[in-house]
Amino acid sequence: MPPPFDKVLIANRGEIAVRVIRTCRELGVRTVAVYSEADRTALHVRLADEAYPIGPPPASQSYLDTGKILEVARKSGAQAIHPGYGFLSENAGFSRACEKAGLVFIGPSAESIERMGDKVAARRAMAAAGVPIVPGLQDSVEDDAELEKAAEEIGYPVMIKAVGGGGGKGIRVVRDPKDLLSAAGMARSEASKSFQDARIYLEKVVETPHHIEIQVLGDRHGQGIHLGERECSVQRRHQKLIEETPSPLIDEATRQKMGQASVRAVEALGYVGAGTMEFLVDEQLNFYFLEMNTRLQVEHPVTEMVTGVDLVAEQLFIAAGEKLRLKQSDIVPRGHAIEARINAEDPATFLPATGKLRAVEIPSGPGIRFDGAVFTGLEVGLHYDPMLAKLIAWAPDREMALARLRSALTELTLTGVKTSAETIRGILDHPRFRSGRYDTHFLESEVDAIRAAEPDFALEELASMAAVLAALEKSRSHLKTEATSSAPSVSPWKLAGRRAQMRGGR
Amino acid sequence: MMRYTVMVGSRELEVVLRETRDGFVTEIDGRQRKIEVARLDRSSQYSFRVEDRSWPVFVERLPAKRGSRYVLGLRGVQTEVSIVDERERAAAAFDALAGASGDGEEKVESVIPGIVTQLLVALGDRVAPGQPLLIVEAMKMENEIAGEVEGVVQSIHVEAGQTVNAGDLLVTLGPKVTPNEN
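Protein chains in written order, with this note's numbering: chain A, 1 to 506; chain W, 1 to 182.
Be a bit skeptical, because a hint or two may be false.
With a Cα cut of at most 27 Å, we get these calculated DSS-like pairs of lysine-lysine [said to hold, decoys possible]:
| no. | chain 1 | residue 1 | chain 2 | residue 2 |
| --- | --- | --- | --- | --- |
| 1 | W | 34 | A | 474 |
| 2 | A | 204 | A | 193 |
| 3 | A | 474 | W | 65 |
| 4 | A | 100 | A | 7 |
| 5 | A | 7 | A | 75 |
| 6 | A | 323 | A | 7 |
| 7 | A | 204 | A | 149 |
| 8 | W | 107 | A | 356 |
| 9 | A | 149 | A | 178 |
| 10 | W | 65 | A | 356 |
| 11 | A | 257 | A | 323 |
| 12 | A | 240 | A | 193 |
| 13 | A | 204 | A | 257 |
| 14 | W | 107 | A | 474 |
| 15 | W | 65 | W | 107 |
These are calculated hints, taken from the structure and not from any lab test.
Make the full structure from the sequences, and use the hints.
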């Protein structure tokens, strides 16, 4: 198959830019990176065929600067722009500007992005396509009496949500009718500050919900398919930390129903590209549409691991106007995949951590995939998302996939910056996670047990090592340091070994 | 033979260390362990053998007022460890005693990464223990940073609007203002 494009600009940074570059290279597509001053030595800059500076570190003056990015596209002769996730990926204005500049935006149309960005419009569109939505209003409410009447009809507890919402802002749960109006006031003020849109609406609260999402693809010819689900219930403050597929909760019948509903939505909307339908699923396996993400998701690799489909490649071919290369019957998930997000964060507070990466050791082995952009010397600052990398494990079944991820974590070393790796280990060792019986409240309710997880070594062993290091600082006599002696040559065996490695590849 | 006090979180362990011909022997609570270590090239990577068990260890040195501070990375877990020997411990105890009777000295560091939004003290100000010295904003939350000792603001190392990392020096408190120091 000929490449979908000659040259693609990647309007992103970090692991996702590297991820997109890899697929482009495989397909014979040349790549253009853009970077802020903070990212001059970043991995995506080094791996791309061309790289262009686009401004100072703040994203608003670089990765979000539509004008500069389009200028680089013009100068480099790129035909299409891949936005990755975050930054401009769900910006309808950018999608439109690309089209106006004669460039292909690798994602859905501006109209699709706008429709799914408006939560009330999205609910209406889904209901019309026959997709179950959380019981509640299909319109915003202004009037207090109307709000009280609607809440009564839906039944308490209710959730107040912002029409322009996202990221947990403007959301209030109300359990007692007397709190409704004051909560509505606060939600309106938060929504107007965050989204310049004070409109709110009501939804029923789904108790002990699971967050399960369906990956979809749609082409320009009206065809859609789904690629199964991802269970994303391990989250705190609406930030996911671990994702897996298949979900330990749902059964095959529910999976089919959710998938078919998602495909109906894609075809009814005329949705083009990769997207994700997010659902809340309760213990009785009722599922309700929550929102649609009109881009590639951070957690897309777990789907790739079980289906064998490269979602970025499919995005590129769809954007080039090709028909879907896969039929629904081609999607046959195999085994179990789980992803852990390695964030720069203090495990004691979950707040972002900064620093310079010193030692970097990346795990490998059967079924292990590491999507990252880390290297010794990387300055982790506060300008961008704290996610450093994703560690993904695949195995024939869930138990084995968890064991592989757990083992790979012991091989992952990132010093100089605190990371979420220890939190992940605590979660993997938690009996409720191991049994698969967890919902979206799991991480917040079990955080103390997760943080108290015991390491694999005894404190006395650690203290002994520290004492030895302290003693060595004073007298370095017993340290067997390789290559610090002035002995003239490297062993010939070692040289032979290196040569063999160079010949034989990895 | 050396005696060390090792602090890991809230735990404190007494370690007796003895050098042998081919390594070390530690003793903690009467139990002895044979330790042997090799460093890989000049990297932060060490290979420890504790008895017969093998541990790959990544060692990062942190600045310490007295003794040593390390972050040890073992099997993917990073642990901060402070260690002092007998002499250093005695000196620390003496300082603590001296500090209790009058003005103390302290280098106040940022505990979080963020942006300095406001300075609450000026050079030469006398401050009480726990008195907020400046405000660092992180994740849209304002955090007051205070010192632990009573003393005089000797130097201020940051200005409003500046981005700081965790561990960056913010303010030095001392017994009196030292002239000719910024």
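Hints, one by one, checked against the model:
1. Only pairs whose Cα atoms come within 27 Å are accepted, and residue 34 (chain W) paired with residue 474 (chain A) is accepted, the gap being roughly 19 Å.
2. Restraint check for residue 204 (chain A) and residue 193 (chain A): satisfied, since their Cα atoms lie roughly 24 Å apart, inside the 27 Å limit.
3. Of the supplied pair hints, the one linking residue 474 (chain A) and residue 65 (chain W) holds, its CA atoms being roughly 16 Å apart against a limit of 27 Å.
4. About 18 Å separates the Cα atoms of residue 100 (chain A) and residue 7 (chain A), which keeps this hinted pair within 27 Å; it holds.
5. For the proposed pair residue 7 (chain A) and residue 75 (chain A), the alpha carbon gap of about 12 Å is at most 27 Å, so the pair holds.
6. For the suggested pair residue 323 (chain A) and residue 7 (chain A), the alpha carbons sit about 20 Å apart, so the restraint of at most 27 Å is met.
7. A C-alpha spacing of about 14 Å is found between residue 204 (chain A) and residue 149 (chain A), which places the hinted pair at or below 27 Å, so the restraint holds.
8. Between residue 107 (chain W) and residue 356 (chain A) the alpha-carbon distance is near 22 Å, which keeps this suggested pair within the 27 Å criterion.
9. The hinted pair formed by residue 149 (chain A) and residue 178 (chain A) meets the criterion: a straight-line CA distance of about 13 Å does not exceed 27 Å.
10. This hinted pair checks out: residue 65 (chain W) and residue 356 (chain A) have alpha carbons roughly 22 Å apart, not beyond 27 Å.
11. A hinted pair counts as satisfied when its Cα atoms are at most 27 Å apart, and residue 257 (chain A) with residue 323 (chain A) qualifies at roughly 24 Å.
12. Our distance criterion of 27 Å between C-alpha atoms is met by residue 240 (chain A) and residue 193 (chain A), whose separation comes to about 25 Å.
13. Restraint check: the Cα-Cα separation between residue 204 (chain A) and residue 257 (chain A) comes to about 22 Å, which is no more than 27 Å; the hinted pair holds.
14. Proposed proximity of residue 107 (chain W) and residue 474 (chain A) is supported: the alpha carbons are some 26 Å apart, at most 27 Å.
15. Between residue 65 (chain W) and residue 107 (chain W), the direct Cα distance comes to roughly 10 Å. Compliance with the 27 Å bound is thereby established for this hinted pair.
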